[in-house]
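S.K.: The residues making up each chain are set out below.
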Amino acid sequence: MLFKLAKFATPVLGAAFLAWLFFAPPQRVGYAPEQPIAYSHQLHAGKHNMDCQYCHTGVAESKKAGVPSLNICMNCHLYGTMGYVDGKLSSELDKLKKLFAEKKSPEWIRVHNLPDHVKFPHAPHVKALSKEGAATKEACAVCHGNVDQMVVVSQQMPLNMGWCVNCHRDYRDQNNYRTHGVSTSCNVCHY
Amino acid sequence: MISFKEIKEGLFSYEEPAGGWVATFKKPTDLLKAATKVRDAGVGRFDCFTPMPLHGLDKAMGLKRSWVPFVTLVTGLLGAALELLYITYIDVFDWPIVYGGKPHFAFWGYIPILFEITVFFGGLSTVAAVIILGRLWCINRKPVAPGITSDTFAIWIGDNLTKEQVENLLSGLGAEITPVE
Amino acid sequence: MSAIIDKGKESMAQKKSQRNHKKNSASIWRSAEEIISPESIAADTQLWNDGREFPASVQELIDRAQNANLNRKSFLTLMGASLSLAGVSCMKAPVEKIVPYVERPIGHIPGKPVYYATARVTADAVTPVLVKTREGKPIKIEGHEDHPLYRGAVSADTLATIWDLYDPDRLKTAFIKEGNTFKEAKTEEVLAAVAKKLTGTVRILAKASFSPSERKALAELAKATKAKVVTYDAIGALAEIVAGDEASYGSNVVPAYRIDKADFILAIENDFLGTWLSPELFTRQFASRRNPDKGDMNRLVVVESNMTLTGSNADSRLTIHAGSHGTLALALANLLLPGSPLAGDAAVRNTVSGYTPAVAAAVTGLTEEQIVALAEELKANKGKSLVLGGGTSSKDARPGSLQIAVNLLNSILGNEGQTISTKAALKKTNDLSDAKAMGDLLEELNSGKVDVLIIDRANPVYELPGLGMADAIRKAKTIIYLGYHKNDTAVEAHYLLPVSHYLESWGDAESYGYYYVVQPAIRELFDTRSAGDILLALAGSKQKFSDIVRQSAKSYIKGDFETAFTRALSMGYVVVETEGSSPARKFRSAALANVIAPKEALSGYRVSLYRSVAIGDGSGANISFRQELPDPISKMTWDNYVAVSVADAKANTWKMGDVLRLKTAKATLELPLFIQPGLRKGSLAVAIGYGQTNIGQVAAGVGRNAYELAIAHNGVLQYSAIPVTVEQTSNREKLATTQKHYELGVKRGLVRIATLEDYRKNPRAGHEHEEVPHPGPDGKSKAKGLYTPHKYTGNRWNLNVDLTKCTGCSACVISCYSENNIPVVGKDDVLMGREMSWLRIDRYYSYQTEEAEKADPDMVSPDVFFQPVMCQHCENAPCENVCPVGATGHSDDGLNYMSYNRCIGTRYCANNCPYKVRRFNYFEYWDGKLRDPQQFSLNPDVTVRSRGVIEKCSFCQQRISEKRQAAKVEGRELKDGEIKTACQQSCPADAITFGNIHDSGSQISAKTQEPRTYKILAQLNVEPAVSYQVRIKNQGKA
Amino acid sequence: MSAMENTNSLRIGKPYAEIDNDILKPLETFPTKTWWIAFLVAASALGMFGIVLTYSFFKGLGIFGLNNPVSWGFYIINFVFWVGIGHAGTLISAILYLFRQKWRTSINRAAEAMTIFAVMTAAVFPLIHVGRPWFVYWIFPYPNERGPLWVNFRSPLLWDLFAISTYFIISLVFWYMGLVPDFANMRDRLERFKSKTKIGQLLLDVKKITLRVISLGWVGSAKTWHHYEKMVLILSALATPLVLSVHTIVSFDFATSVIPGWHATIFPPYFVAGAIYSGFAMVLTLMIIMRNVFKMEAYITMKHLENMGLVILVTGMMVSFAYTMEFVMAAYSASHNEQYVFLNRLTGPYAWAFWVMFTCNVVSPHFMWFKKLRTNITVLFIISIVVNIGMWFERFVIVVTSLHRDYLPSSWDMYIPTFYDYAMLIGSFGLFFTMFLLFVRSFPAIAVAEVKADEANEELAQHH
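Chains as they are written, first to last, in my numbering: chain G, 2 to 192; chain L, 3 to 183; chain X, 191 to 1228; chain R, 274 to 737.
Bound-form chain G, shown alone (with noise of 0.2 Å):
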């Protein structure tokens, strides 16, 4: 009885063990912690269709693509009256408001973290994926999902090291590498 029993787990079991190595989702995904401040993306890059490079500032131009500094949600938010419902102020813009006015800054959770061997620069990528006359979100969809349709921010894509290395393998172009093409050297994200 044993026997057979071992005789047809060992298989199976050593199938699933496999079908767990390739297909098991990456534990980071999904991964939506609860921010100081409950910003919505939904509200401002959906419905308020705000470009993600109006915040983001330095996605286009540098390895970063920040994290907005107080005084760009003042731009709109210092005076006006965006954030008010009904006439009050929304429990969160007051929170946002007090940390301006202390000169301090929420300590916001980061969502996508890669290990600091990875070295991802944004602006390459941002300027690879952006398509003529289309939205820079579409862009950025690529590696964080539909973040407009977010109230609270999630992981959407595995990020890890194999998911990268599909998309440069799709794009591998290593005659052209000098100008535009992509590589799966280990050097373009390591060193």
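If you are wondering where the hints come from, they were derived from the structure by calculation, not from laboratory data.
Glycine included, every Cβ here is placed at the ideal spot set by N, Cα and C.
Worth double-checking, as some hints may not be accurate.
Pulled from the structure, derived: some chain G residues nowhere near chain X, Cβ distances all over 12 Å [said to hold, decoys possible]:
| # | residue |
| --- | --- |
| 1 | Ala-17 |
| 2 | Ser-41 |
| 3 | Met-51 |
| 4 | Met-83 |
| 5 | Asp-87 |
| 6 | Asp-95 |
| 7 | Lys-132 |
| 8 | Val-143 |
| 9 | Cys-144 |
| 10 | Val-148 |
With a straight-line Cα cutoff of 27 Å, these simulated BS3-like cross-link-like pairs (lysine-lysine) come out [unchecked claim]:
| # | chain 1 | residue 1 | chain 2 | residue 2 |
| --- | --- | --- | --- | --- |
| 11 | R | Lys-298 | L | Lys-29 |
| 12 | X | Lys-1153 | G | Lys-132 |
| 13 | G | Lys-138 | X | Lys-1153 |
| 14 | R | Lys-375 | L | Lys-29 |
| 15 | L | Lys-35 | R | Lys-375 |
| 16 | G | Lys-48 | G | Lys-98 |
| 17 | R | Lys-375 | L | Lys-28 |
| 18 | G | Lys-128 | X | Lys-1165 |
| 19 | L | Lys-144 | R | Lys-471 |
| 20 | G | Lys-128 | X | Lys-1153 |
| 21 | G | Lys-105 | X | Lys-302 |
| 22 | X | Lys-776 | X | Lys-626 |
| 23 | X | Lys-744 | X | Lys-734 |
| 24 | X | Lys-376 | G | Lys-105 |
| 25 | X | Lys-1119 | R | Lys-332 |
Cβ-to-Cβ under 10 Å is the rule here; a few derived chain X residues that face chain L [claimed, not checked]:
| # | residue |
| --- | --- |
| 26 | Leu-976 |
| 27 | Glu-1065 |
| 28 | Pro-1068 |
| 29 | Cys-1073 |
Could you slot chains L, X and R onto chain G? The hints should help.
M.R.: Just chains L, X and R, lined up with the frame of chain G:
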């Protein structure tokens, strides 16, 4: 040409002793003689049990050539071929990387691994073949006679023979004959 | 085991100090930091220790130290930490915070570096530099390439100042002495308290300064307290020149040495390429004339008793006995005098006539022929030559002794006004080191007349042990010390006032026709003030030092001030006077009375003190990177030693590391000996700057204080040829050298030197008989192996080092450490042979012919050959083949990359590297070893390597990537010269070329095709991407 | 031959049951005092191994004497040394089997065990010598989430992985399959035993069940023997090239590199000869001890020892020849770097290691020319140990002296082993001997079935 039957006989020859008679001897020479006699008598189902391998016993019993080496060869080569495919897939198609100025398909560098894999697959399949052919996973097997792993030589005759027939067959060899359940 | 950065074993001693920060809002320029709201990050970043792949990441190290000291102002408020995610997904991921700016400075983009132009001021020179900042923190010093004079030249010492900023042993706040211990106090309060105490007889002991504004502040303080200011510098290189020039010409300037204008340079006991005045500038000027390919080649002859960097770069090096430099100079003057403008000067003739070649030969140890030939060469280069003299190891008993002799030579040769110019010279020199005033001060102190002694950044207790400085100082009732460290002088003081680093403070400087504005690149990290602000505060002035700077600048800046000042800030300098020829000054023969020139050979052992390239005068000794920078010649780290000649070692059967006891009349010093080729029998040399007892964890107790050997003659310190008796003790010490062997350099084809003459005849001179791999069937193609070689189509990075230009100054080494987050391993690990430098400079001694070698068994005058060796990025890299996990391989642009995160540390690659450039992290050198705020000096673009991985030169991959990404974004191709590696950027000699070999128009393509180019170990067919150019020596016509 | 048989007959001439008793009885009794002492010594060395290993995991490889030019030290020396030791076992069980050398039967079981334990000891070193041992599984080419990121199939270290693991697994299986009939024998012998105490009975039952499982229901059927014998032949035939390939591949670690002193085509045969040389010496050491401790003079006769002495003589001369050829090739190479390395071996700072190696490996085997000496157990024992010391130094000479002075004199340095290096060396002997001592206590140290087979077949042959 080798017939399928021959292959099957060469492969699956072991049979659990059930029924019939067991004759035990104290000397290997006696067993050898007994085996020859039993075979000559045209007994179909019989087997010998010895504490050690005896030269000439397989011939005396008329056993067919073992097909184990064939298994070794096939699996060994198959393993090497699979490994070569695997390496080629990795180094040429999946993620080509230049190491030390060598081309992606660096065959000479694969030879040591291919050899080891051949031996690995060949060796393990050989052992697996013996285990399968000897039905060695049935660990609860009882010896047909006490001492057959120490100093007793036994022959089991599974055909429907009477005790007298067996005694006649093995006369003069000093065999002790007992029935098998 | 060894620790990094700090030698000691103290744990991170974090001191909590609450400070207020004043905003310097009045100034026009505001550092990025000032605009960022000061903000405590207080990120309770989860220090996530388990299962991480790279425990030490730059950002995490920063966080960790911040957590340890939350009260300290934290300025990296931006992107928060980026902790490393595990290599395996099933591990728990870290929680990490992002703290953005409240108000982001306009034009300040996170992730992009911002460069500020500023200047580093030392007692000897001013160096214009660019400070690279990332997210508001300085991370690297770079040369100022747009500066017309320096053109990007920067020395190792200046490059290392980035770590001075982040030195954890700095004075971080003011201290008040209570009993025998120092109590921390707020600088503001101490300043106020001290200002009230400045009554009675006040004396100020200040370090020489180039800053007009600091002079003003000092004058203000002197006025307010009726104090006398004594400026003093123990080394006094500038003061020597001024003393000499004053005597010779009656002119009170330090002239501009126009080395680039000289065809023939004679340096007598002068290390202008290594330690004298501004070696980086001189190196640039010197190397700009080392172009054998263009037929433009100067000739350098060095006459010296110790083997210095300059001597090792000489085309001809004449080794003399220590203390005989004056004799040689006068002997040359004697030979050159007839027919010269001074030929009619009887006083001169009478003085020099006794110095016949025969006398000089007897004193110096040279042959008469050598001296006569040298004179002939000088004669042939009249007006185009330059004689340099002076420096630490030729500081004689009389001020300016050698300088006067050298001035005489230059005047005789008509170099005055040509290669030595008073145009664009250093003119305001009246407050340079004043030995006499120092002597007076000492007397005053000893007589107990001084009530208050203010010491501004000077360290007399350490530098003048022979004068009884410590006892004298203690007699002052109140001692106020301004400085960077709690050093040997500071511990005697009653009040310690912390001075800001130059990257944190306003300042200015004037030197050689330029006016520099020193601007802060970051606000004070600690509760420190700029020296000017402290002086003003002590003077009771309400002015800010930055305002004084603006006032001073007004006298240098023409046109609309605000616009021009802003421009001066962005450029870092203002041209005050352009360089050029000047009228020759007239030599006064009376000066010759001051020249010390023995006519008889000096007897016994003579020790000369010298400054080492790495440590200098010892003020920066607390930086482990300086301590671990191998001396260019001896390759020694972490220690000073007595350099002894091979002859002496043979005669006494001394072995390397035997401890010698040097005795002068007053002092005894025990030091391990180092057998140094290039010395004559009886000459010894010891480096100063070591042996401090109090400066900080790193430097305290490293080496011995060689200042003790100096002899004082009425306040004038003699460093040259100090008579000593030498005893061998029974002790031995291990010498932490990074290179123990140099023999076989020639035989193995590593040393490739050719004379200019040979080179002109045969451009392949020096490597005609090169061993090369067997070529392919057509005789040209690459050697054929089992495989067809891989073809590269895109960029292919190559690097070339011109060994004719390279002086071995080691600026590239420090630059590489700074750029690539390379750890320092400490003395113990250097002794084990585990130094981590990605770029090392190999030094070989050689001879041009075998006969020459046989004729010089005591190695008195070998050639020295420098060869910077970094990863050669071989096309057929042996290291790549052997890595089982593929952590190292070849990229599409032909780089030999090293993925640290893939490395498991088999070290097979390190074994199989014929150049031995791969380094292994035997211990964790960063994580837990950094003391706050050292973590800020790390480059965030480079992964910090953890224990157990191999690392090596990446050709500054981060710089390549940055430029390539920028080019991609802009949709263009990379331009030649756009990417500069760190070593290339900071090379003062401009010896390094980097670029794309596939671009036929690039500089590197041209370089690699020159016949002088060769590759090390080419016979192995590894096809390195680094090529070298044969060192050409200009042997002159003689 | 006949004269030899008279004096040194391999025939034991005892009844089968008595042979069983001689060999299996010790396994059924309580261990002797000698065994306990030996075991405690070995186990404490193993404990030191474990402690140092743990320390090195937490502190880093810096605790060893490694440095930049000499990145490999005692660990790799020990690795090559132990792999080499392992070779004799396979050689005895496989090659001598193919050559029908009957004297192998009484020593092959212990020799194979030695192989397995030596390979295990050896295999530990490359795994722990890496800088980040917790990632050592990355050398396996398994699909992963990194792309997937694979391994470098051109690396000799990867070849090592394949070679050593194949070698270990095949040896283990070969050894185990050889044990199966003996396990069956033990299982059936155990039927006679009964314990008086409950706990004793429980232990006995556990032992019985274990034996039943590991003996695979072996009943000695001639039909199974028929396949089994074929299997032994095939495994021998596979193991022979395997054993040669393993040390060849180990030698590739050095031979495929560019370092002068390593980069030599002579390395594969030289390493194999050296491996057999040291392996036989180790077998000899172990056999002499076993023979005396377990009173197995009847099974491990002087004939066996003498034959092993002869093998040592032959392989010793092969190794000497290889040493000579290295120098000849260097002299002939016209390459300065190559010549320097060998000059440095003779006269450099590690010349003492070379001369220790020379004395032990080149001089000492020549005592085996004399029958008096090679039949003297004391002499054999001393020489067997001396040879292994020499062979350890051979690897030291290869690894350290080649690395410490290679191409660029600027990076030359010395390798000075630390306390931890020595601890790991001694500890590796602890690991090996702990396993071996456990083996001699729990497994039949002489292949009973094979000894009896020789007896029986000789009897059969006489009757024919």
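S.K.: Next, verify each hint and record whether it holds.
M.R.: Now the hints, each set against the structure:
no., hint, verdict
1, Ala-17, "holds, 16 Å"
2, Ser-41, "holds, 17 Å"
3, Met-51, "holds, 17 Å"
4, Met-83, "holds, 19 Å"
5, Asp-87, "holds, 29 Å"
6, Asp-95, "holds, 17 Å"
7, Lys-132, "holds, 15 Å"
8, Val-143, "holds, 16 Å"
9, Cys-144, "holds, 15 Å"
10, Val-148, "holds, 15 Å"
11, R:Lys-298 with L:Lys-29, "holds, 23 Å"
12, X:Lys-1153 with G:Lys-132, "holds, 23 Å"
13, G:Lys-138 with X:Lys-1153, "holds, 25 Å"
14, R:Lys-375 with L:Lys-29, "holds, 21 Å"
15, L:Lys-35 with R:Lys-375, "holds, 25 Å"
16, G:Lys-48 with G:Lys-98, "holds, 22 Å"
17, R:Lys-375 with L:Lys-28, "holds, 24 Å"
18, G:Lys-128 with X:Lys-1165, "holds, 20 Å"
19, L:Lys-144 with R:Lys-471, "holds, 25 Å"
20, G:Lys-128 with X:Lys-1153, "holds, 15 Å"
21, G:Lys-105 with X:Lys-302, "holds, 23 Å"
22, X:Lys-776 with X:Lys-626, "holds, 26 Å"
23, X:Lys-744 with X:Lys-734, "holds, 16 Å"
24, X:Lys-376 with G:Lys-105, "holds, 25 Å"
25, X:Lys-1119 with R:Lys-332, "holds, 13 Å"
26, Leu-976, "holds, 5 Å"
27, Glu-1065, "holds, 5 Å"
28, Pro-1068, "holds, 7 Å"
29, Cys-1073, "holds, 8 Å"
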